[in-house]
Amino acid sequence: MFGLEKKDARLLLLVLALTMFAPFILNPFPEGSGWAQFNAGYPDLMQRFVIFGIFAIGFNILFGLTGYLSFGHAAFLGVGSYSAVWMFKLLSMNVLPAIALAVVTAGIFALIIGYVSLRRSGIYFSILTLAFAQMSFALAYSVLTPITGGETGLQLALDDPRILDGAAHAAGNIPVPGLFGLEMRDSAELVLGAWVFTFNIGYYFSAFVMLASFYLAIRIFRSPFGMMLRAIKSNQQRLNYTGLNPRPYTLAAFVISGMYAGLAGGLMASMDPLAGAERMFWTASGEVVLMTILGGVGTLIGPVLGAGMIKYMENILSKINSDILHTWFAFLPDGLENLLVTLVYPFIGKGWHLTLGILFMLVVIFLPGGLVEGGQRIAKLFGRKKAKDTDGGADAANSTTPAE
Amino acid sequence: MSTGNFTRRGLLKTSAVAGAGLALPTYLSAANHSGFTNAPGDSTVTLGFNVPQSGPYADEGADELRAYELAVEHLNGGGDGGMMGTFSSDALKGNGILGRKVEYVTGDTQTKSDAARASAKSMIEKDGAVMITGGSSSGVAVAVQALCQEAGIIFMAGLTHSNDTTGKDKRANGFRHFFNSYMSGAALAPVLAANYGTDRKAYHLTADYNWGYTTEEAVKSSTEAMGWETVAAVKTPLTQTDFSSYIAPVLQSGADVLVLNHYGGNMVNSLTNAVQFGLRDKLVNDKNFEIIVPLYSRLMAKGAGANVKGIFGSTNWHWSLTDEGSKAFVKSFGTKYGFPPSQAAHTCYVQTLLYADAVERAGSFAPCAVVEALEGFEFDGLGNGKTLYRAEDHQCFKDVLVVKGKENPDNEFDLLEIVEVTPAAQVTYAPDHPQFAGGALGTCNNGA
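Just so you know, the sequences run in chain order E and P. Residue numbers 13 to 416, in our numbering, belong to the letters of the first sequence in order. Residue numbers 4 to 451, in our numbering, belong to the letters of the second sequence in order.
Isolated chain P, as found in the complex (with noise of 0.2 Å):
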């Protein structure tokens, strides 16, 4: 091992160029002073939509998309305006948000962690987005929404339907408008007891995964609250695709409903296996076999095909209610895209048109100023009737919609029908619930 001399030119160099490194922050202006992250210029504004593009979700990703495009162009004053029209508040002109031109940029979650935050931070610190809306998991809304958080950035969640996102993970800069797990419980079982009686014997296969284990909780809590009794649990890995295995000990159980606390993939497995093994035609205790399946999605109900015919589920909006705002949502959508959209699509589109009617009526794009504006808010007219965004955990509380695959669908489109729309006093629940117990919601940040 050979040392190179030091020469006198050598150090002289060396230590030129260290100290003109070590000068240069003196020179450096800190980063801007407007009070908060990435305030917008005077004529345009860039909001971030960050979906999943690949991976197991992209269907609804790219759906959310399609919604985030035909917002801005709403916001932006094209197309035929959609739910603006409809809207309780009439903060929104047609003109952009503040005067400014709605513009966008979009990122890829792949459905990761990790993948999310780092499109979540190049929209932030390369593009300068005011805002983060977006993801079709949990896993990620979470990830993203802690983020924004630190960032000093308005989180909007798109599809995320754990308890935690407004629970033990909430942040004073995330909201959601998209029901969650206690919801699909709470309204679930009342049409359950209903259809199927009060002394049923349930057997739960969850994804072994956090919406799994709130899906679970939530349904088991309200179906045993009216009498239900749970027989087993069972988690299965969220990349097993062959459920034969988790199936065929439902039947020696004793157990009469077969409750499938799965998403995506995973359900049209699960739920095609049950149906393959003929759970449905048996006769348990001289009942009909039944299953349940707590969070459905058109996407799911298409994948799964003629399986889901009969089958209960709850879900956040569907393209077939009849109140105005839907309508509206519905025909624009219709227009552009020439098909109906789905709830992830639904709750993507209203969560922009939130964000930007708080903006015009706090005034300011400062993230403390729209906390502000939509803590508390109550609207009408997005397609949920009534709605409230409350204050202490930001999640909506709106009417949630019980459905079954539809006997006879007329096109592939129409594969749920509405079975009961159960209203919002009743999945209400206290701030502080024991399933949304721990974390809390901090103060609001604005970041630089």
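Excised from the complex, chain E in its bound form (with noise of 0.2 Å):
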């Protein structure tokens, strides 16, 4: 189907299941009964993971292919935003036309930066778009303040041109980014008994913008261009040897991996009309190659796994708070109810991060391959028989090197 093998094809309609029912499958707890908090199913979350899947999709690309470890994507994704911005502004409240424009600029912008680092590699190329990113961080923090809004980020205001739009912005509130009419920000909701199940056009429109980029993803991995970069990926020199000059091969899976990230920087603008320096600071860079590597490098589903599980611990861990465990904790002793508090007390809320890095070493020491190796080894622990093709989107398995 679609010109995909069979394992493939099933992934992506698995892929598509999953986006397509996620309201369903990240709200799986009653309204109001304890466990609500960590129903994921709201818009802006749900919106969170599709995009930063894309980003790590795009990343992978590059990493999980050529083995090129680059420390500054969040450059892209943040040069994506603000050009996006900048066409709600000047244009039109569409949001193809931003699309379009952040993911052109993130390409030139990789252009440049790439065909700049690729002249090295191992630590001097992570270094070298390291620097980069930096640079743009600073720039966009304080130098270029016209262009991009310096600290306080670049924003709508009620006086915008947008050319196209016209007469729009007369009722004296700003436009919301819509696709012909239907507004990003809107939304509708199922009831059914105790469950509320909310649908959000702007998720379902990333969600179509995700789904498009893994099955351009797929076909990228499964191309000779394709197998072109897992050849650069294991052995550069023995490629020179045979002469190919791997340069034209990288500087593209480069160049597209930015693309990706400046596709995703162009959707959280149009989920959310703002960008900020802070997008591209250098932790937002190692953010994703955190997703990568926790999700499974070099396979097709792992980074999405990896965004989804970091995105879900950023936003729903770090809103509890000690009330929220004391009503928990409740029906024990008070002694022990305020033991147990003070002992996870340090993990959730602001100690978020502390989880997640606990979570990362567990990952990376038991399980190299990421969340889709752990997934293999519980799919053969039940369908021994099965095993072979139960192994979903994990090609991974005939590329034993886990990470650089």
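A couple of the hints might just be wrong.
[Said to hold, decoys possible] Here are the simulated distance ranges between beta carbons:
hint, chain 1, residue 1, chain 2, residue 2, range
1, E, GLY386, P, GLY44, 39 to 45 Å
2, E, TYR136, P, GLU420, 53 to 59 Å
3, E, THR339, P, GLY44, 15 to 21 Å
[Stated by the list, open to error] One-sided and incomplete, this derived list gives chain E residues near chain P with beta-carbon spacing under 8 Å:
hint, residue
4, PRO55
5, PRO109
6, GLU163
7, THR164
8, GLN167
9, ALA169
10, ASP172
11, ARG174
12, ASN185
13, ASP284
14, LEU286
15, GLU290
16, GLY361
Hints are computed from structural coordinates only; laboratory data are not their basis. The C-beta atom is built at its ideal place from N, Cα and C for all residues, glycine as well.
Using the hints, put the two standalone chains together into the complex.
Take a look at the structure:
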């Protein structure tokens, strides 16, 4: 189907089902119950899941296939966001031109940065990309304030020109991004007993874009071009001796993954029309590396899972405060309750980084192939004879090097 | 590359799933039609407290959260009622807001616009918060304010001092009780003239971001208006921790006053460096070299230790004020937590009460009704004397404190002494003042 092998087609269908039914899957607990705290099926977080999924898929095309570890990918995300917001300000609140410009500018940026950085490999390449990203951050934060809005970030204003929309801003409120009249933040709610499921237009739009990017990634992974990239990862010298110049291939991979990041940035701005410089900070670049490694480097679905995991922890775990803990353990005697709260407290709320760090260590030590490897092991455990085709998107099975 | 075959069964299956997916929306009810976003139920109302719990302003965030918890306790009728007893409006009865018990959710802004917006969005979309408040940075305040405007939620700003929050980035659904850069400049200038004379040469070190710019501009224009000369204004990176390379050129410039437009950790470091360089013992142009810090906070004074002695600055509120409101607040905060509140805690506490009061007076949680109740609202008894929430830009106009680092502090909280209480009239400006130009309030938004 769609020019894919059976295994890949099945994976694509799985991702399709997961994204389409995400509002149900992510909201397993009834509204008002104590567990509702762990529901993640609200529009903003679902959008983040798919958008960072795109970002991580793109990053994985570079890191997973060529083994070049870019530490500055957030720069492209930021550039994409800024271009999209400028498009909203100047042209129209329609998301399509904004996203198109975001992808194009991020691509141009990636071409320039990649052209310079790819002259080196290994740690020097990582440092170069990191330096470029930090430079972009510093520029966006202060020097380029008229273009980027500096610390405050780039925002829409009532008196922006918006050439194509014309009179739309007479109402006194800034219009919201939309797709030919469908507003991105519009949602419909489905109430089934105690459960409330939210279906958000922005989410479904992002989900379709994510599916398209995922499909494209599968095609790249399975193409001769993808094979060349793997060859670069496994032994670049041998490639040189065979008379092939790897640089055009790495540069192409770099630009493609930069464009994916730009796409993610453009989508982020479309869901929430604001672009801030922090998006380009090195921690944001580090985050996508974590996502990819956590999910499984070089696998198709791994980065998406990793992105979901990190965003879930960032948004759900960080919101649990000591009051909520006390209600959880309220059934216990007072002394024990307080003891448990003190024990758990460092790991929730502002301590979510700690939990994430521990989890990351555990994954890297025990599951070097990331969450995907965990899934494979479980699959093997349960379906010994079916193991061969239940390993889903894990084409990592044949590349045993988990990370650089 | 092999292509799978289309089977009849496969096609049917796929089209059934796709059909179900497409038909689904027709079964859905649209968002609730109560007229505004997150209309609370009959028994409880949820407020969102979005404060920095990690990052450079985590101390302030922690203090803000304490104030919010105290405010919720008081609104629900617990504790001693704090400033509810001294507040000039008596709409609040201690039975929650409009008879609904006040509940709250918290979030971490990380002092990053993106994280703050994500956290605020989850409060709005997931927890059903009807009002968002908090923050300890202008970047975050402006970002969250814009978000609340879009979503149809009221935003009550926490600590944000940049002119832009109620200047070029003002929004109809956003309100600021805290003072701003312009007010700092206007309040400081006369005190500086009286103490240091009117023929000084000033050298500015400015944190290289939005708040730094507006503060530099405000202090510059008000000191220049009384005869000072600005020798140079140098931007320093926000992440700078060692300012010695910026301090050395100050002495060669012929300036005799150093203005540090820095906040938080930046200010602690730059002031410490400046004092260590012996700037304050120098005689330049036959005058004592002086240092000024436009925005002071107790937490910063604590960080800089003995270096703040005798240094002038401005602040929104200080716990040593002796009016009834301040005394009541310090008492109930002190009883609960064992130490006096900071100015960040004060402004957050007051903002929560003001919101609750506005809802009571409006008789509705609908943002537009609240906006109407707050616009042009005059009140007293909340620690800053008579205060006006101006309708044109949603900025509070009230007395501003000029403070000085105390020479002989009695304890670790008693670090600042009040030099002068600048009356509100002196710090009031026209809504279209050049420092606040651009931007428009727009109209209030009730959301869905």
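These are the hints, each one checked on the structure:
1. Between GLY386/E and GLY44/P the beta carbons are some 41 Å apart, a value that agrees with the proposed interval 39 to 45 Å.
2. For TYR136/E and GLU420/P, the Cβ-Cβ distance of about 56 Å falls inside the hinted range of 53 to 59 Å, so the restraint holds.
3. A hinted range of 15 to 21 Å holds for the C-beta pair THR339/E and GLY44/P, which are about 19 Å apart.
4. Nearest Cβ of chain P to the Cβ of PRO55/E: about 5 Å, under the 8 Å cut. The hint holds.
5. For PRO109/E, the interface hint is violated, the least distance from its beta-carbon to any beta-carbon of chain P being 20 Å, above 8 Å.
6. Interface restraint check for GLU163/E: the shortest CB-CB distance to chain P comes to about 4 Å, inside 8 Å, so the restraint holds.
7. Among the interface hints, the one on THR164/E holds; its C-beta lies about 5 Å from the nearest C-beta in chain P, closer than the 8 Å criterion.
8. Taking 8 Å as the C-beta contact cut-off toward chain P, the hint placing GLN167/E at the interface holds, the least distance being around 5 Å.
9. Here the hint on ALA169/E is kept, as its CB sits about 6 Å from the closest CB of chain P, short of 8 Å.
10. For the restraint placing ASP172/E at the interface with chain P, the shortest Cβ-Cβ distance is roughly 11 Å, beyond the 8 Å limit, so the hint is violated.
11. Violation of the interface hint for ARG174/E is found here, the shortest Cβ-Cβ separation to chain P being roughly 14 Å, above the 8 Å cut-off.
12. The beta carbon of ASN185/E comes within 5 Å of a beta carbon in chain P, closer than 8 Å, and the hint placing it at the interface holds.
13. About 6 Å separates the beta-carbon of ASP284/E from the nearest beta-carbon of chain P, less than 8 Å, and the hint is met.
14. The restraint placing LEU286/E at the interface with chain P holds, with a minimum CB-CB distance near 6 Å, inside the 8 Å limit.
15. The interface hint given for GLU290/E holds, since its Cβ lies 4 Å from the closest Cβ of chain P, which is under the 8 Å cut-off.
16. With a least beta-carbon distance of about 7 Å to chain P, the hint placing GLY361/E at the interface is held under the 8 Å criterion.
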